[in-house]
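From first to last, the protein sequence lines stand for chains A and B.
Read in our numbering, the first sequence has 48 at position 48, and its numbers run on one by one without any break.
Read in our numbering, the second sequence has 109 at position 109, and its numbers run on one by one without any break.
If you are wondering where the hints come from, they were derived from the structure by calculation, not from laboratory data.
Don't take every hint at face value.
[Said to hold, decoys possible] Per label pair, the in silico range of CB-to-CB distance: (1) A:Thr246 <-> B:Glu548: 52 to 58 Å; (2) B:Glu315 <-> A:Lys147: 37 to 43 Å; (3) A:Arg237 <-> B:Arg374: 29 to 35 Å; (4) B:Asp619 <-> A:Gln47: 36 to 42 Å.
In this text the structure is predicted, and so the values were computed from the model without any measurement.
Ideal placement from N, C-alpha and C gives every residue a C-beta, glycine not left out.
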Amino acid sequence: MKFRLKIWRQAGPDQPGRFEEYTVDNISPDMSFLEMLDELNEELVRQDKDPIAFDSDCREGICGACGLMINGMAHGPKLGCTTCELRMREFPDGSLITVEPFRADAFPVIKDLVVDRSALDRIIAAGGYISVNTGSAPDANAIPIPKEIAEEAMDAAACIGCGACVAACPNASAALFTGAKISQLALLPQGHPERERRVISMVNQMDIEGFGNCSNHGECEAACPKGISIVNIARMRREYIRAVRTGGQVRASV
Amino acid sequence: MSQVVLDAKIPKGPIEDKWSNHKASVKLVNPANKRKYTIIVVGTGLAGASAAASLAELGYNVLNFCIQDSPRRAHSVAAQGGINAAKNYQNDGDSVFRLFHDTIKGGDYRAREANVYRLAELSLNIIDQAVAQGVPFAREYGGMLANRSFGGAQVSRTFYARGQTGQQLLLGAYSALMRQVAAGRVKLYARREMLDLVVIDGRARGIICRNLITGEIEAYAGDAVCLATGGYSTVYYLSTNAVNSNGTAAWRCFKKGAFFANPCFTQIHPTCLPETGSGQSKLTLMSESLRNDGRVWVPKKKGDTRPPHEIPEDERDYFLERRYPAFGNLVPRDIASRAAKAICDEGYGVGPTGRAVYLDFAEAINRLGIDVIRERYGNLFDMYREITGEDPYKTPMRIYPAPHYTMGGLWVDYNLMTTIPGLYALGEANFSDHGANRLGASALMQGLADGYFIIPVTIGDFLADHRPDGLSTDHPAFAQAIKDVEDQIKRLLSIKGKKTVREFHWELGRIMWDYVGMARNAQGLTKAISDIRALREEFWKNVKVVGENEDYNKSLEFAGRVADYLELGELMAMDALDREESCGGHFREEYQTPDGEALRRDDLFCHVSVWEHKGDIKDSVRHKEPLEFEYVKPTQRSYK
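Isolated chain A (complex conformation):
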């Protein structure tokens, strides 16, 4: 297969960026999108040119490192898969493909298609955990958890932290990412002792990082490679209201 590529190039965070065009040929339909970029980079290296910078690691859709805007869609046109899982057979032969980084104020560009998503780590650090020191846990079966609840918590916990939800959102909101973690821990009994302070603190951090607010576009759910539902955003809101009503804000600010 053959493709024309329009790829965002940007030397550094403070440098202006621009699109550059490339052509790739002899691409197997079974190749992943990133393997296609690997081939292009090999060619650029052979020509002594600077290869295109992009993040990736596991190449099987679980680490969340990769993430590109492909033809304006986070992780490309295929639903429910990451950029590294996307295969070239999804694109018509000879087509033009536009590739950009995940764009958001809270995700500054580092180089070309690489962005800084450490804001998501800081949201987790703000409360996305259960405070249990190593060694202090009771027997694992001491607290029965209904299967349905465990499954729902798992649905939320499946988030890979890639940031596609932010990139897809017109407001660059991190509500789906944050809501997923809050939901997982609010659904499980282990998460209950800290639920008020957790939601207040994580939502505050979201604002501090410069993510926008959620206005129910639902683009995040459509872009999520793991099918995380916006039900989690609704649950985050209920948790927030509940926390404020029960005085969580006071406790969280301590």
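Given chain A's structure and the hints, the job is docking chain B onto it.
Only chain B this time, still in chain A's reference frame:
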């Protein structure tokens, strides 16, 4: 051959008391003094994140490094099937002793009994800890935890979170880590690659890193260093590991004096997607848990090109069930991989390349219904469909073995300390618990046992004797180490040859796969050694690394890793040549039983092979740590 005595420091007493006796006798650091110590932890996978979090909880200052942009992306995240624990929740006769026994046997009697027993004991605490953190393990309707079976065991002791157990356990450890980051007890350094170890007065005192964004070479000092940097399966180029997984940190510690144990013990995982062609960057694993319900087969007729559904039942060879009736499709990984290779070598393989076997769920779907199968393996089936474009609910998967895990690693004693005082190795980076073959669902267990429960105890014993001395990176040893790292980078950038880093890596991978892969022999290994040496020589004359150091530069990152693999590969081949027996994943064709099983030679090789760096790789010296078996008598492994 050598006078070096390797003291594994195994505590005295009956095996079931060793760890508790040890815990009761190690020296302690006063809680108020812990904050005066700085511990460097490299890696944020299960071992690294759990160690960093647990050490910080105790009060130590922790500096934690990872090559990814976030600690949550370390490759433990990709472990699929599950984690073993001897909880015996299923009432099927499991016990700590049985898990210990299965692990020793699964490792083909090449692991230390005391370490493995401790691992089995700690498996219980790991599950408790993970559940308390909110890890959403699979559950039964009554609310209790569910289990499934894995290879090499006849009990159901594997806990799982769909096909994402590694992800969920890692996110648990990561959440504990981020809690300590927020508390200011862990300082996190993402996008850093460790490129050297700083040794002062014979003791590990710091590391040198490259900042992968700016290229800056940075130095960090501490009172101890814990390496949790994973294994070296990417030496084969194509493997199930992440593209950034590498052996550099461990290898550079080897060159600074840490001994390397059993480098040739590598695991080739039986259920991976077959190779398709050029441009491929990795081989995707399909979890071993699929062998609970999937049946492995090939056509009985050689070169049968009919689609699988047209091949009638009596014309199929379920070769694992035929050869190993007791364990069937759930034989250990080394055995399943070798059986698949053998049947393909004989010409029965399927698919376009003939290097694949079927993994078929039709019978399980009939028996249990499609919904049960979807619930158990849905995400794995989806992943298979994404990659191959075929629907495994309707047509059998095609699978073939691929490099997956390395049992070898830095030699450590019972305290997880390497031969360099103050340098510890945790998780896959060490060699300790899996012998010559790791059982499924045991890697997660070992990484977390090392990080949550072992290192927090054993490191105190060392630190209590080594008071904080306020060492800073102004010490001349840091300047020297920085210079060494910078010199190598300059050298790589100045060669300006014709062949790309990836081309060298690919060629090395072919040599390793062909001669140091699933089946090895003296002639092939000798050839591998000379081929690797020649390739290494060519690398340093003809590699093409573009760009500059002061930039995000993947070409340069990979050049350093491949340079190290061009040395480690040689040591792996030397070790495989030196070990004239077959055991676990190390199969020497010269040593097999009449029916093609691995033939161990306990009289000659019941030891850990421990290599010491002596300049050129060919001059490396092999020491031995003898293995003694008091509780599990070595026999020929039988899964028949």
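Range hint 37 to 43 Å (beta carbons of B:Glu315 and A:Lys147) holds or violated
Given range 37 to 43 Å: holds, Cβ gap about 41 Å.
Tell me if the beta carbons of A:Thr246 and B:Glu548 are separated by a distance inside 52 to 58 Å.
holds (56 Å)
Measuring from beta carbon to beta carbon, are B:Asp619 and A:Gln47 in 36 to 42 Å?
Taking Cβ atoms as reference, B:Asp619 and A:Gln47 lie about 40 Å apart, which means the hint holds.
Does the hinted range 29 to 35 Å hold for A:Arg237 and B:Arg374 at CB?
holds (31 Å)
In this structure, none of the earlier numbered hints is contradicted; all agree with it.
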